[in-house]
Amino acid sequence: MSAPIGRFLLVAIFIYSGIGKIGGYAATQGYMEAMGVPGFMLPLVIILEVLGGIAILVGFKARWVALLMAGFSIVSALIFHPFNDPEQQNNFLKNFAMAGGFLMIFAHGAGAFSFDEGMDGTRIENRRV
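Last residue of the sequence shown: 129 in the numbering used here, with the numbers rising by one and none dropped.
In short, the hints are calculated from the structure, not lab data. Keep in mind that a hint or two might mislead.
Stated by the list, open to error - Straight-line Cα separation of at most 30 angstroms, DSSO-like style, residue types lysine-lysine; simulated pairs: (1) K61 to K21; (2) K94 to K61; (3) K94 to K21.
As the list claims (entries may be wrong) - Cβ-Cβ distance ranges computed for the label pairs, FRET-style: (4) E33 to S2: 35 to 43 angstroms; (5) V75 to A27: 15 to 23 angstroms; (6) G24 to G118: 33 to 41 angstroms; (7) F96 to Y31: 18 to 26 angstroms; (8) V75 to G20: 29 to 37 angstroms; (9) P38 to F83: 29 to 37 angstroms; (10) L93 to L44: 20 to 28 angstroms.
Remember, predicted model here, so these are calculated numbers, not experimental data. Note that the Cβ used here is the ideal one computed from N, Cα and C, for glycine as well.
Can you build the whole structure from these sequences, using the hints too?
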């Protein structure tokens, strides 16, 4: 049960944050633009956070989605949480820690109880029919 629990703990923040961005769309768009990120990218961010988070949660195409989420976590750390700002250092490190978790999924797969690997953790492409 550690694989599905781990996936949930890793992506809960992304799903929650993505849904929150829908409710605070204008404020989020303004914040992104103030940080130099074009506001038109917000729908892509929401889609990645919500749908990517759900994909990792259920283990669907988890390796490739995890790679995208790792890149997103690193880029957002570099843009929105400058390490040289003492108030942002923990957020910067949090994003890098999450990227590390996603890279573990990329390297090892989603694990048991996932669409990619089934209930027993056996990769679907390696199963005998």
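Review point. Which of the listed hints are broken here?
Key: Those not satisfied are hints 8, 9.
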